[in-house]
Each structure stands twice: as C-alpha cells, then as structure tokens.
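Undergrad: The listed protein sequences derive, respectively, from chains A and B.
According to the numbering used here, the stretch in the first sequence is residues 2 to 247, in order.
According to the numbering used here, the stretch in the second sequence is residues -19 to 498, in order.
Possibly wrong hints are sitting among the right ones.
Unchecked claim - Derived list of chain A stretches under chain B, where covered just means 3 residues or more per stretch with a C-beta under 8 Å from a C-beta of chain B:
#	segment
1	66 to 79
2	105 to 113
3	199 to 213
In case anyone wonders, no lab produced these hints; they're calculated from the structure.
Even for Gly, the Cβ is constructed at its ideal location relative to N, Cα and C.
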Amino acid sequence: MRAAPLVVESLARRFGRLEAVVDVSLAVGPGEIVGLLGANGAGKTTTLRCISGLLEPHRGRITVAGADLAGEPRVAKTRLGFVPDRPLLYDKLSAREFLAFVAALYDLPAEAAERRAESLLARLELAPHADRTIEGYSLGMRQKTSIVAALLHSPPLVLLDEPLNGLDPPSARVLKDLLREHAAAGGGVLVSTHLLDVAERLCDRVVILRSGRVVAAGTLDALRGGDARRSLEDVFLELGGADAPP
Amino acid sequence: MNVAVVTRTHGRLAWREVWFAGRLRRGFMPLVLSLLTLLAFGGGSLALFSAIARAHAPVEWSERVLAWAFTLAFLLLALGDLQASLDALVAEPDLERLRAAPITSRQLLGIKLMQTLPRTLSPLLTIALPVALAYARVVGGVHPLALVVALLTLWAVPLGLGLALALPLLRAAPAARIRESLAVLATFAFVAGWLVNVFWMPRLAMNGAELTAGLRALPAPPAWSPATWAAHAATADGRAALESAGGCVLAASAALGLALAAATQLLAGIEAQAAAVSGRRVRASARREHTLAGAFLRRDAALVARDWPILLDTLASVALWSLLPLAVLPVAPLPRLELARNMLIMLSVSLGHDVAARALPLERASLAWARLSPVGGARWVRLRLPGVCIVSGALLLGAAALVCAVFGLHGHEVLDVLAFGLAAVTSASGTGLLVGAAMGDPAWTNPRAMLGPGGRNVSVWGLLLQAGLWLVVSRRVSAAEPLSPGVLLLLVAAGGTFALLMLGFAARVVERREPGAG
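The shape of chain B in the complex, shown without the other chains:
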C-alpha cells in the first residue's frame, strides 16, 4: 500500500467536504461550530484559570480543572466518536472496494482511523487543546512534547480499547443484525453521555455559583483514568512528568495494539458477515390497501418495525429529554404543575422533532419517488403526516398518563398538561419535517445521524429554542394554576398554525429536491 497516496487522497476528500469547485460545502458548518466551541472553551478556561490565579488559590485547583477537561474530551471520544470509527470499519459503502484491495486488516484499520480523524480529533482540538493552552498561558510549565503525548493518549486509549471491546461483540452478532447492533451501541453511548451530562452538570453549576466554593467542591478526577495521567504528564515537572508521559505512551500503545490484534483476528469475518446480509423473509399479507394514505401507513409501519433501532433511539432520546427538568430541579425548585408541564413540554418537543425529522430521511434515496410518481412532493409530505402523528400521539398519550399519575394531577391540571404537550408536539413535528426534508442524509448508517452534520446542529438548536419558548410561555401564563380551556385551545391552535407553516416549507423543499444527476 502506498501510504503517502492514501493519506493525500483522504486529506483531499476531507478538504472537499469543506470547499469544492469554488464553493463552500456542507462540511464548512461543523468546522465553524468546532471553531466556536474551541473559542468558547479557550476563552472560558482562560477566564477561569485567571480567576483562580487572582484568588491566589493553590495550583492544584487549576490542575484539577485541566484534568476534568481532559476527562470530558476522553468521554466524548469513548461514548460518541468510537461509534463513528466502528461504523466506518464495518458499515461504510467503500468497504467492498477496500476488501477487494490487496491490503491487510491492520492497514484497513489504519485507513479507517485516518478517515474518521476529522471527527475523532474534534474533542481533542476543541476541548482538550484550548484548555491546555489556556492553562499553559496562565499557570505555565507545559512542555509542548508532553502536551502532544497527552493529546495522543486521549485519542488512542478510548478508540483503541473501544474497538478492541466492540469488535468481538460485533463478531458474535448475527450477520443481518450488525448494523442494528451498531445502532444499539450508539444509543447506549448516547444515553450514557446524556445522563452524565444532565445529572452532573446542573449540580456542578449549582455548587459553582461561588467560584471558590465550587472549585473546592470539585472532586479530583479518578487516579486510574488515562485522562488524569495525560493531565499529569502535561502539568508535572521533571521526573514525575516523564513517568506520567511514559505511562501515557504505554497505555496508548497497548490500546492501539489491542485494537490491531482484534482487527487482525476479527475484522475480515465481521465485514464478510455484514456483506452477506441475505434479507429476511416477510409474511405476505392478504390484506390490500385501497387508499394511498393506507399504503403510506402500511409502508411506514414496515419500515419502522424493521429498522427498529431507530425507534429505540427515538424512545431513548425522548425519555432523556423529558428528564431534563428533573435534572435542574436542585438548581431551581419548581411548583408541581409547572414541573409536570415542563417535563411533558420537553418530551413533546423532543418527540415531535425526533420522529418527524427522521420521517423523510428514513426513505433514503427512494424519496425520489415523490418526484418520479404522480403523487408530487407536497402531497407526499402530507401523506407522511399520519404516520408521524400516530407514533408521536401514542407516545405523548402514554407519557402524559405517566406524568399525570406520578405527579397526582387531576381534572383541569391533566387537561392543562396535555394541551401544552399537544401544542409543543405539533409545532416540533412541523420543524422536524422541515429539517428532515432540507438536511436529511439519504446515505445515513447510524440512526443518531439521519441528518447531515449541519442538520444535526440546526436540529439541536431548533429543539432547544422551541422547548425554551414553550417553557417561557408556561412560566409566564401561570406557573402553579391550570389555564382555562379557552387559553389552552389557543395554545394548541398556535402550535398547529406554526406546524402548518413549517409543513408548507417542507413540502416546497421536497418538491424542489433533485436527486444527484448522473
């Protein structure tokens, strides 16, 4: 294998994601967001380290902050971006060509790790590096070589160990289920990351209201963590730094060695398994659909039921969003009705958005039938609505019943909570369909990434904005008492009107969307 040419080609491909034929491409948006994250972490940590220095606090406090920043980057890689590497290794469309090429499994692993570098380097370059540079500027004593070793460790250990553990699991999965297994791994990673983030951060923020108290309360990161070793390697002096750096190099080498060994042993078999999907036999139903709406519902039911990790992922995401108000409870105690309402609003916005945003990308390239058939884009979008409404509606009713039972709500209170949920789910379904139509990725392999990179960012911001708006409305109109039925009706009508507007935009996008030309 000509390593130089392969490296150059991947570099060229990565660059063309950002800039090609004199135009900015969609890879530009993640780059801008990464730059903003880098500036935010850099600026924030510079201010924090300066404040610590001004308070004449012990230098260990700054070291602890750095170690936690390294731990965050480490966790993001282990939980989020390991999935990107696994996906690239097992499910990417170029695998057939690579498998046919005269390269070994180790070389294939190398190519794939290089291919996913832009993604997997992101936590290092946007979190670990700016915080370390801010530390170096304020506190000093960071050797550039030690910093490189630390960053390499943060990259290599989670990816190496993660691959070494995940590859045997995938080898054990049935051939037709490898993609599903990957998707379930992604969901678990997402759930774990979300739980850590949501339940830990508000409590930290609460303690951090007063900087000194907050930092004093900040626990030391676990001594056994490679992220702690990396931070120590970057900040310690003399022999201690050398020892930590040595430990880091050993850990990184061992992790990558394990991944290489696992790849050599298992990768070819896993890829052959994934390529040998034979399709499952499905029972032919004697029932015929006599309406187009019925045919759409039947198709949607089959697609969702057979791509079940998508539903699992949606449910996990929805459940987690609904817990958000509970997570901030220690910071801002809320009345019972407002808390129940907020939980259902978060759930509804997330539910509506998540279900609707996936509805059109779920069809992949076959969405082209909207243009090819006499149905037309606008009607196609309208025909997708019943499926979206059934899934969202059923989940909303279940969740509302649960929330009402848990909080002991009765009569008007139930109606109030339900109306807020209905208004939120309707408006979020509208934006979800629009985001899915405009930014869906027809070549998605991971259910968490059915939108393109820009689309995912827009989606999260859109979701937060809508949830924020509904929460503000909820607080302003009446936090503790249920609203009158007239006002509730108005809320639902406002949500519906907004959704109709978004639906119109989505229909126009689908009407105009042209599949790639040959």
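Bound-form chain A, shown alone:
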C-alpha cells in the first residue's frame, strides 16, 4: 500500500513568546488536494514552512511519503516540492539555468530533467523567456519558475503557499490543471490560499486554522453540515474568518 504523502502530528512552532502553530495535526492522502485556509496570521505559512523543512518545529512529527522529516530529512525532502510565498530564485541565472541547478540538487538525470522542465515551461508559457535572467521577471513569471522547480522531480507531495499570487487567469488555470493531474497520478497536494472560491473548486478537503490551531477539517460537504446552500465562505467566516492576529 502506498504511504500517505503527508502526515502531520501535533505540530507546534513558537517565535519567541508567540505561538504561531499549536498542536496541528493533518494528513494528505494519495490523490488528494487539501486546502489550508485561515485569516492572515493564522499560521498557514509557518505550518507549510515547517513541513517543507525550512523551519524547525518545536514539537510534533512530520512524515512525508513514509519518511520522517526529523529522522530522515534527506529522504523526506526528496519526496516533497515546495512553492513558497516568496519565490527563492537566483536573480542572475536564467530560468533554464536555475531549473538545471534544482534538478542537480534533487539528483535527477540531466536529460530527463531537461525534458520535464521544457514541458512544464511550455505549459506555463514561460519557455520564450526562459533564457532571460530572472532579475527581469515579473512576479507572475517568478511564481511560474518556482512552480516548475517544485514539480520538476515529480514528488509525492507538493506544498504551495498562496500559489496564485501574481498569476494571470490562463496560468492560474494551467496550475490548477497541473495540480489535478498530480493528484490523479496518486500524489498529494497541500495548498494554502485565501481565495475561497479556488479552494471550493480545487480542494477535496480543507483544514481551517485559527490562531495557529486547527478549528475545522473535512470535506466541503461535511463542513457545510449537509446544508448545500451554505458556501465555504459562510463556513470560513463562522470558524476562522474573525481571527485576531496571534
């Protein structure tokens, strides 16, 4: 049986005296797209950064496709791709050079990585600009480069932090298609967004955070409590919308 792309148990992270994430548990199953919702400062970015390995959790256990992030960090990191809220790119490299470097970081065969990169660049309509240095890219082009980098090694788990920031509508559509295809191939996706209509149309389940804690989790139908007239916005505003900054 294939391991769940992501299992998070009792995750906690503090910044000084501020408890940014408190006892968060969640899971992403194979073929599942899970939305991480919450008001500004609810702890979405910190949760994703802990799962990606960028931040060290103070407590809790993170398992990525069967690999414990603390015990086997290299294996776990090979099995995930992360699109951060602010793309981590080298301004003086072109997108193609950057992607070749990322492929080497994940130990991908150069030819196969190049083919995969070209296919993703073409779908996101970045190919004509991919030989220009990134310093001249718009926010959307940077975001697309970051998305290609995260998907390059076809990881079992893809994490995305507000991935639609800066994307034009056609590119946003392509990204949603890519995520659906990834899920259809058995991968898992955890995506944070404040666009509730996107979450409603894209996600199989949502997890709502408030002040760093999970206040609700489940399928959209379950969260609606069987009332089809209630939108995700209604549910969100009841549960997590009035979050005070932690």
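We have chain A; now place chain B onto it with these hints.
TA: For chain B alone, coordinates are given in the frame of chain A:
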C-alpha cells in the same frame, strides 16, 4: 506629505534597529563601535591638545589638528557614506512604494537623506565632534552655534556635491547597469580612501615619533577645503569667525541646492531606469552537468560573472591589502624575503577572507535551498568550497608569481613565500565562510556590504587578527632565510586544520539558519 509623521516613523525604525521587542538588535553593535570610536578620538585628542598646551606650542598647531580631524570626517563622508545615500536613493527596496506616493523628487531626496542620517552622521559624531569638544575644553573659544554651523557644513557639502555629481553619471548609465555603476563608484571610493589612509598615515606616524617635530611637520590643510573653513568658523574670533561661518552656510546651502536641483531634474528618470531592468538574455549551453559539484561550479561561475562588480571589488580590496607592507616600509625597513612574504600573507588573508565571506551572501535568500533541498547545509557549504578555492587559488598563484618576479626570489624562497600564502589563504577562507554564513546580509545592494554592519566589523577585526598572527609567525621563525620544506608543510597543515574547524562551524550555522517566517 506629513513631515512630522514621516520623521517620527524613521526615528522609530532607526530605534528598532537597536532595540525591539525587549531585545537588543544587530544595530546595537555599530552603536557600541561608534561610541568606542568617539571615546578614542575624544580621549586621544584631549591628550594631544593638552600635550601641545604643556609644550607652550603656538595655538595654530591645535587649530591645524582640528582642521585635519574635520578633513578626515569630510573625506569619510565624501568617499564612504555618499555611497550609502546614493544606494538609498536609487536601489532601496522601498523605492517602489515611495515612487507611487504623491511626493516630489525633492521630498523623496529629503526622506532618503533622513533615512541615511544614522550612517552619514557617524563621521561627524564620532570624529569631528569629540575632537572639537576636546579643543574647546583645552584651548577654549568655541562658540556652540559656530560648532553647529561647522558640523552642518561638514555633513552637507560632501553629500550635496557628491549627489549633484553622481546623479548625472547614473542617468547616463544603461538601466540594467545602475546597480553595477553604484558598486563601481563604491569600489573607487574605497580604493581612494584606502590609498590616502595607508600611504599617508604611516608617514605621519613616522614623523610623529617626536610630537613637536611631528606637529611642526604637519602641513596646513588646504585653504580651499570646506573642512578648513568649518574649522576656522569654530575656532576664530569675532569678525573672522562670522565670515567663515557665513562662507560655510553659503557652501552648505549651495551644495544642498545643487543636489536638490539634480534630484528634481534626474531622480525620477534614474529610478524608472533602475526599476525597468528587463534581464539579459543568456546563451543556453548544450553542456549538461552530471554531478552536483559540477552544477554548483557552473552556477557559481554564472553568479560571479554576472555580478562582476563583486569580483572587481574583491580584486581592488586584495590588491590594496597586499600593498600594506610597502606602505609601512619607511617606518620599519624589512629584509627582502620577509617583505615579499608579508605582502603575500596580507594578500592571501584578505583574498581568502574576502572571497569566502561573500560566497554564501552571494546566494541571497536562495541560500534557503540548503534547507529546502535534500542536499543539507553541511554539504552545501562543502560544495561551495571548490568555487572559492578556484578563485582564491588562481589569484594567489598570479600574485605569488608577481611578487616573486618583483623581488627576484628563486628556488626555496619561492616555495617559502608560496607556503605562507597557501596557509594564510586556507585559514582565512575558513573564517570567511563562517563570517559569511553567520553575518551575511541576504538583502545587500552594495558589494562592499554583503555582510551586515556587525559582520563587517567582525570581518575587519578577524582579518587583522589573522594577518597579524601570520606576520608574527613569519618574523619569529626566520625573517631572512627560507624555511625547510618540513616546516612549510607544517604551516600549511596548521592553516588547513584551522580552516576545517571553521568550516564545521559554518556548516552548523547554515544547517540551523532559518529563513524569516511568514
């Protein structure tokens, strides 16, 4: 524009650089160093003015010392801190927001000059003010208002004239090259400042071995310099003081007026140019890297070649450090081999440190890939080493060949000099990587400031300490005769062991370094 709110906000931001959320921040270290500099200049000049008074020397000698202290503050502002203002005016990340705000170019210039005040006031508050206060205490006759006018002149003239001259140059630079042009300006300023300092100070120190002779030999500062007018305004009496103060006010107003005019005419265009960087097209190479080490080398080569002012700055800095032993030669004549060895040691320490300390900050926020990817921080640091070694090694070999040719060294002597250089470059690379990992500033805009303010201070002290240690070793073991190959091997091994230790610390820093959380 609500000037009061803008001023208050900048004051608050400056304060938070020092103290925030109940903790000392990294701005505290420059403050402490400034205070130490102030005390050193204040104490030193108090002793000097007292000694002059005890020797019943003419008061003109004290005036001359004050004028030179003012000239030093003036030069530091013109050569070093003008760059900070230009950077703030053209390349800071908050410019987009300010350009979108309903403010004029003059107001923007005002905001930026205010924003850089903590930096640009430093030469005045740590050099000019304590020396003037010491003069006032010992000699007397300094009117507070005249002193304020003098300090204002020292601040306004170099910044105003510098901005008025630099803005047209930047307007002429191609859009994509504005940052590079700024960096080249910074390098030239650094080189000029270094040359003045290194070649002038030892000679002054040599003459100053005997105070009276030294002060008698001290030339009068140039009469046309605003720093001289400012000193005269502070020390003269009656009508002469008024005339000098008037001249100072006129010069300061003219300089600031010119800067305002240049900003009104050119600033918007320069900022639009800087914001419109479109990225250059680079040739796609058909060659594929099949190893991670190869991929790192290829990336590093691209980053260094495309951020060429960094390399230029490194070369300038290295060349200048290597001249240091020549500069002190009149003070302490050295045997031929020791001088060659010392030059290469200075060069190697500076080279190793400068190249390595920039290696990790060069990656900016993308250093986060060390945590994000399966590579890991420790391996990431090790993978950066070949690039550092290639650049340092090539420069070291070139410099060693040059030094050996200039001093006519042969056989064992060449081996001796090279071993000292190799040991020094290795140990300095280790400390450089550690300083870069711990104190690198991922948001740097100026290649001279790829480390944070505290990091730059630590870096200079670390560099001087290491160079000092190697120079002492060189003198103690044998100043005139080349060492045996066994001893040389030991030296290289000692440098390598020390570097490995530092590398371990640097790897741990990168492993633990967390990017800011959202």
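Undergrad: With reference to the structure, classify each hint as holding or not holding.
TA: For each hint, the structure was consulted:
| no. | hint | in the structure |
| --- | --- | --- |
| 1 | 66 to 79 | holds (count 5) |
| 2 | 105 to 113 | holds (count 6) |
| 3 | 199 to 213 | violated (count 0) |
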